[in-house]
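J.: So you can see what is in the structure, the chains are spelled out below.
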Amino acid sequence: MSLMNIFDIAGSGMSAQTIRLNTTSSNIANAESVSSNTDETYRARQPIFKAQLESAMSGHPFNFSATQLDAGSGVKVQGVVESDAPLQMRYEPHHPMADEEGYVAYPNVNVVEEMANMISASRSYQTNVDVMSAAKQMMQQVLSIGR
Amino acid sequence: MAISIDKHFGIHQHALELRSQRASVLANNIANADTPGYKARDLDFQSMLQARMGEPSDKLTLKTSNQSHTSTLLQADTISGLKFRNPSQPAIDGNTVDAQVEKTEFARNTMEYQAAFEFLNGKVKSLLSAIRGE
Chain A
1 MSLMNIFDIA
11 GSGMSAQTIR
21 LNTTSSNIAN
31 AESVSSNTDE
41 TYRARQPIFK
51 AQLESAMSGH
61 PFNFSATQLD
71 AGSGVKVQGV
81 VESDAPLQMR
91 YEPHHPMADE
101 EGYVAYPNVN
111 VVEEMANMIS
121 ASRSYQTNVD
131 VMSAAKQMMQ
141 QVLSIGR
Chain B
148 MAISIDKHFG
158 IHQHALELRS
168 QRASVLANNI
178 ANADTPGYKA
188 RDLDFQSMLQ
198 ARMGEPSDKL
208 TLKTSNQSHT
218 STLLQADTIS
228 GLKFRNPSQP
238 AIDGNTVDAQ
248 VEKTEFARNT
258 MEYQAAFEFL
268 NGKVKSLLSA
278 IRGE
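Residue numbers (the working numbering), protein chains in the order written: chain A, 1 to 147; chain B, 148 to 281.
Heads up, some of the hints might be wrong.
In silico BS3-like links for lysine-lysine, alpha-carbon gap of 25 angstroms or less [unchecked claim]:
#, chain 1, residue 1, chain 2, residue 2
1, B, K154, B, K272
2, A, K76, B, K250
3, A, K50, B, K186
4, A, K50, A, K76
5, B, K250, B, K230
6, B, K272, B, K186
7, A, K136, B, K272
8, A, K136, B, K250
9, A, K76, A, K136
10, B, K250, A, K50
11, B, K186, B, K230
12, A, K76, B, K230
13, A, K76, B, K186
14, B, K154, B, K270
15, A, K50, B, K272
16, B, K270, A, K136
17, B, K186, B, K210
Derived by calculation from the structure, the hints in this document are not laboratory data.
Given only the sequences and the hints, what does the whole structure look like? Please build it.
T.: Below, the structure is given as structure tokens:
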């Protein structure tokens, strides 16, 4: 029953957007986490989204039948990667974490970018919730058939 | 004078099923609105409904003996009966989902689902009143 699929699909979208919101909040919280060692400094993290196909899960790599549709089964988070962008080196010689030359390594988090990410993630989450509630209404309607 | 319930329901049962499948295709587009490289998909409602009704479509059908065989001639833009949407503007990450288009299509599909349901419900009710003889 494909209406049941919608719950899985919208649910996968919601969980993916939650992970995105989690990484965003982690990035914003650590935007000022300094260290004297560039290897230990926090780096911005981003989730990688990937579309998931129904036929890939059922063992048939390609399903060409005209009556059975492969709508796909939502989105999954393939992993979380750290940004390669250069760290911000600020000259603060009196900072306790400053290195021998007086530089402090600040994370490569772009707070403006993260805020835009946050808004985009919460909007996508809302859309998925709307889709799920519409599917729920459609199912409830079918249950009342003949009444 | 047997009444065939299948015939009585006619096109509406197929329409309702197809509408619910289209809803899951559109839901999948919305869930993948932020996936890089994802191509938005949709189904050709008219030709799919014709295929469901058992009417010969304009395409030749091939004989199949295995689930992974194809029954229609393959088209480059068609996989599992779904077609790819033409993007209105390109995105740098290769994603062709337009969230506004998908949302309006989903809302329209839900309304058309409700219409198909009302027709089917009327059929069921008329059968019930015939059985009761009221």
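J.: So, for every hint listed, does it hold in this structure?
T.: Evaluation of the provided hints:
no.: 1; hint: B:K154 / B:K272; verdict: holds, 15 angstroms
no.: 2; hint: A:K76 / B:K250; verdict: holds, 21 angstroms
no.: 3; hint: A:K50 / B:K186; verdict: holds, 12 angstroms
no.: 4; hint: A:K50 / A:K76; verdict: holds, 5 angstroms
no.: 5; hint: B:K250 / B:K230; verdict: holds, 18 angstroms
no.: 6; hint: B:K272 / B:K186; verdict: violated, 42 angstroms
no.: 7; hint: A:K136 / B:K272; verdict: holds, 23 angstroms
no.: 8; hint: A:K136 / B:K250; verdict: holds, 16 angstroms
no.: 9; hint: A:K76 / A:K136; verdict: holds, 22 angstroms
no.: 10; hint: B:K250 / A:K50; verdict: holds, 21 angstroms
no.: 11; hint: B:K186 / B:K230; verdict: holds, 10 angstroms
no.: 12; hint: A:K76 / B:K230; verdict: holds, 22 angstroms
no.: 13; hint: A:K76 / B:K186; verdict: holds, 15 angstroms
no.: 14; hint: B:K154 / B:K270; verdict: holds, 11 angstroms
no.: 15; hint: A:K50 / B:K272; verdict: violated, 45 angstroms
no.: 16; hint: B:K270 / A:K136; verdict: holds, 23 angstroms
no.: 17; hint: B:K186 / B:K210; verdict: violated, 30 angstroms
In this structure, the earlier hints numbered 6, 15 and 17 are contradicted, and the remaining ones agree with it.
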